[in-house]
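Taking the hints into account, I'd like the entire structure generated from these sequences.
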Amino acid sequence: MADKKKSKAIWDVKIVRSAILQSLLKLNPRKMMGNPVMFVVEVGSVVTTLLLFRAHSSFSFNLQITLWLWFTVLFANFAEAMAEGRGKAQAETLRKARAETMARRLLPGGGEEMVASAKLRSGDEVLVVAGEFIPGDGEIFEGIASVDESAITGESAPVIREAGGDRSAVTGGTRVLSDQIKVRITSDPGSTFLDRMIALVEGAERQKTPNEIALNILLAGLTIIFLLAVVTLQPFAIYSGSPQTVFVLVSLLVCLIPTTIGGLLSAIGIAGMDRLVQHNVLAMSGRAVEAAGDVNTLLLDKTGTITLGNRQASEFIPAPGITAAQMADAAQLSSLADETPEGRSIVVLAKTQYGLRGRELAAHEAVFVPFTAQTRMSGVNLDGREIRKGAVDAIIKYLQQHGTVLPKDVQASVETIARSGGTPLVVAENRRALGVIHLKDIVKGGMRERFTQLRAMGIKTVMITGDNPLTAAAISREAGVDDFLAEATPKDKMDLIRREQAEGKLVAMTGDGTNDAPALAQADVGVAMNSGTQAAKEAGNMVDLDSNPTKLIEVVEIGKQLLMTRGALTTFSIANDVAKYFAIIPAMFAATFPVLNVLNIMHLKTPESAVLSAVIFNALIIIALVPLALRGVAYRARSAEALLRRNLLIYGVGGLIAPFIGIKLIDVLITGIHLA
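Once you know that position 280 of the sequence shown is 280 in our numbering, the rest is easy, because the numbers rise by one and skip nothing.
No lab work stands behind these hints, which were simulated from the structure alone.
Positions of the beta carbon are idealized from the N, C-alpha and C atoms, including for glycine.
All the given hints hold, so there is nothing to weed out.
Quick list of in silico lysine to any residue cross-link-like pairs, SDA-like style, CA-CA up to 20 angstroms:
hint: 1; residue 1: Lys605; residue 2: His674
hint: 2; residue 1: Lys440; residue 2: Ser345
hint: 3; residue 1: Lys408; residue 2: Gly321
hint: 4; residue 1: Lys440; residue 2: Leu308
hint: 5; residue 1: Lys397; residue 2: Glu386
hint: 6; residue 1: Lys14; residue 2: Gln278
hint: 7; residue 1: Lys444; residue 2: Thr550
hint: 8; residue 1: Lys408; residue 2: Thr323
hint: 9; residue 1: Lys182; residue 2: Val115
hint: 10; residue 1: Lys505; residue 2: Asp492
hint: 11; residue 1: Lys182; residue 2: Gly123
hint: 12; residue 1: Lys182; residue 2: Leu127
hint: 13; residue 1: Lys119; residue 2: Leu106
hint: 14; residue 1: Lys397; residue 2: Asn468
hint: 15; residue 1: Lys491; residue 2: Gln501
hint: 16; residue 1: Lys444; residue 2: Gly466
hint: 17; residue 1: Lys397; residue 2: Thr423
hint: 18; residue 1: Lys440; residue 2: Gln312
hint: 19; residue 1: Lys397; residue 2: Pro370
hint: 20; residue 1: Lys408; residue 2: Ile396
hint: 21; residue 1: Lys460; residue 2: Arg499
hint: 22; residue 1: Lys397; residue 2: Gln411
hint: 23; residue 1: Lys444; residue 2: Glu554
hint: 24; residue 1: Lys444; residue 2: Arg311
hint: 25; residue 1: Lys408; residue 2: Ser420
hint: 26; residue 1: Lys605; residue 2: Ser57
hint: 27; residue 1: Lys408; residue 2: Asn430
hint: 28; residue 1: Lys605; residue 2: Val668
hint: 29; residue 1: Lys440; residue 2: Ala473
Now the in silico label distances, taken between C-beta atoms and shown as ranges:
hint: 30; residue 1: Asp12; residue 2: Leu620; range: 20 to 26 angstroms
hint: 31; residue 1: Ile650; residue 2: Leu308; range: 40 to 46 angstroms
hint: 32; residue 1: Lys31; residue 2: Leu675; range: 29 to 35 angstroms
hint: 33; residue 1: Pro594; residue 2: Leu227; range: 25 to 31 angstroms
hint: 34; residue 1: Ile213; residue 2: Gly458; range: 25 to 31 angstroms
hint: 35; residue 1: Gln278; residue 2: Pro469; range: 36 to 42 angstroms
hint: 36; residue 1: Asp492; residue 2: Ser285; range: 24 to 30 angstroms
hint: 37; residue 1: Ser60; residue 2: Pro594; range: 23 to 29 angstroms
hint: 38; residue 1: Arg638; residue 2: Leu21; range: 38 to 44 angstroms
hint: 39; residue 1: Gln374; residue 2: Asp409; range: 25 to 31 angstroms
hint: 40; residue 1: Gln278; residue 2: Leu382; range: 53 to 59 angstroms
What follows is the structure, encoded as structure tokens:
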């Protein structure tokens with residue numbers, strides 16, 4: 001059923017109609033010169049067309065040869081136009097999200113003015129309230145809101161965007177559903193993220209990748225060699241007493257040069273980027289897609305990538321002489337004003353386990369101590385109680401300043417939590433440690449299976465985290481990654497990538513924060529999360545619109561699929577030329593050299609039917625392979641050797657056998673209806 005849907009999507013009527021028109025427009029020689037193989041075929045078609053009414057040989061045969069040569073060019077153009085058409089159809093959907101909107105631009109002296117979004121410039125500040133569209137790409141500098149990003153990601157579930165941190169970036173064309181935010185615009189009109197998406201997914205201006213350029217050079221070289229061979233063949237034919245017509249010589253040339261891969265090469269590359277867009281991943285270049293297919297090492301940020309990102313309180317571990325209920329009471333009081341996910345989870349855990357509910361503290365003249373990066377702890381003072389909650393080293397320093405120390409039992413609990421992969425928070429009251437809160441990072445479901453898939457592809461996974469080595473080791477074991485880098489700084493990430501690259505490996509990385517930007521830029525494949533900062537998105541060469549870091553597995557598969565498809569069809573193209581030799585060479589010289597009849601193993605009826613059958617098959621095989629070029633060769637997580645054997649068997653041996661069958665069937669058909 002899924003295959004039928006894919007097939008239907010490939011042969012969409014609107015795309016097919018547009019592709020037919022484009023295949024005619026692409027006959028422009030200036031455009032055709034970009035594909036040397038098909039340019040030679042077009043030149044041959046023009047030559048036979050000009051000679052059609054001057055030739056003294058069979059007009060019917062010459063006309064059919066000429067028509068099928070033109071069909072060969074048109075079918076190649078059609079394949080490329082189909083690939084481009086699918087991208088342009090998706091771009092049209094994106095254009096609908098780029099509707100002109102009015103924006104509330106904030107004035108320097110206070111107040112606001114309504115302006116068209118097209119007049120906004122980088123640095124302008126705007127206010128967006130519930131129900132309004134965000135007028136341009138930017139960073140939230142004040143407020144928090146629920147945002148509908150379905151126009152960009154296709155996901156109906158809204159996401160939270162807030163000032164500060166790694167979820168402050170917003171995209172023009174998305175809609176605020178609740179609350180209000182103030183946004184600082186970071187792009188000028190025409191250069192927004194949505195504009196870049198539209199330009200890239202259309203595919204028409206897609207730059208050729210190094211591998212594609214190299215293959216084009218190879219195909220051009222083969223074309224020149226066969227062109228020289230065919231040109232020098234005529235003197236020998238005249239000398240042997242069997243001169244050939246231009247129509248036969250052009251047919252021989254077209255059948256000898258690798259027209260199949262030449263006609264499909266561009267479509268394969270465009271379709272690879274299109275498949276990424278279907279997975280909601282935007283590749284900034286074809287080079288990045290190809291590099292993904294050769295990745296050896298994958299670096300993944302722990303928080304928000306391997307884990308859910310919000311640590312949750314899972315256990316209260318009291319100190320000796322303190323009951324769990326006492327500790328839970330103090331932990332909850334210290335967290336009532338803590339709006340972080342961790343703080344809220346502590347309040348919920350105390351309520352769930354001990355029935356403690358949030359209390360009205362106004363009458364108690366409570367004074368809350370907010371968390372700061374300097375103190376790394378928070379708390380509350382009320383009714384003579386001085387409660388503090390914070391990182392272990394911060395609480396140790398706090399206790400030492402007041403002449404007390406952390407009890408050994410509490411220290412042992414801290415070490416146990418760290419070894420298990422959790423994060424310990426110590427609670428103290430009146431300069432005495434009450435116990436430890438166990439905050440646990442929740443590993444995303446299915447991560448271990450995902451990493452097993454990557455391992456089967458030969459890809460090494462490395463978890464990057466700022467946690468201590470004990471915590472990092474525990475999380476890496478639970479998630480199933482191959483290695484980890486603990487207490488990582490942006491420089492550490494860069495150094496790790498450079499070490500891997502120095503060993504000849506290609507490195508991929510996912511990230512969403514500004515601190516990830518240098519590493520994303522250094523990596524061969526840098527996949528930035530759409531939910532991340534603008535700096536991260538600009539540094540990477542891919543953007544995941546769904547912000548699902550594990551999607552790099554699909555990215556790698558699509559990259560490998562692109563390389564395999566190109567290799568498989570190149571193998572098929574070269575292999576099926578062999579059958580054409582057996583069809584045309586005997587037809588050209590068997591009359592003069594009867595011994596060559598031994599090569600006519602297909603027992604084709606006449607020399608004319610043999611040449612015509614080969615030319616027809618040469619054209620039809622291009623159109624027959626269009627679905628495979630657009631859909632790609634199926635990829636399975638196997639070793640490179642196993643994949644090579646499989647593809648040589650299917651596309652190498654298949655490329656040898658299929659033309660013998662196809663040319664013979666066409667010969668039977670055209671002689672049966674007296675076309676030759």
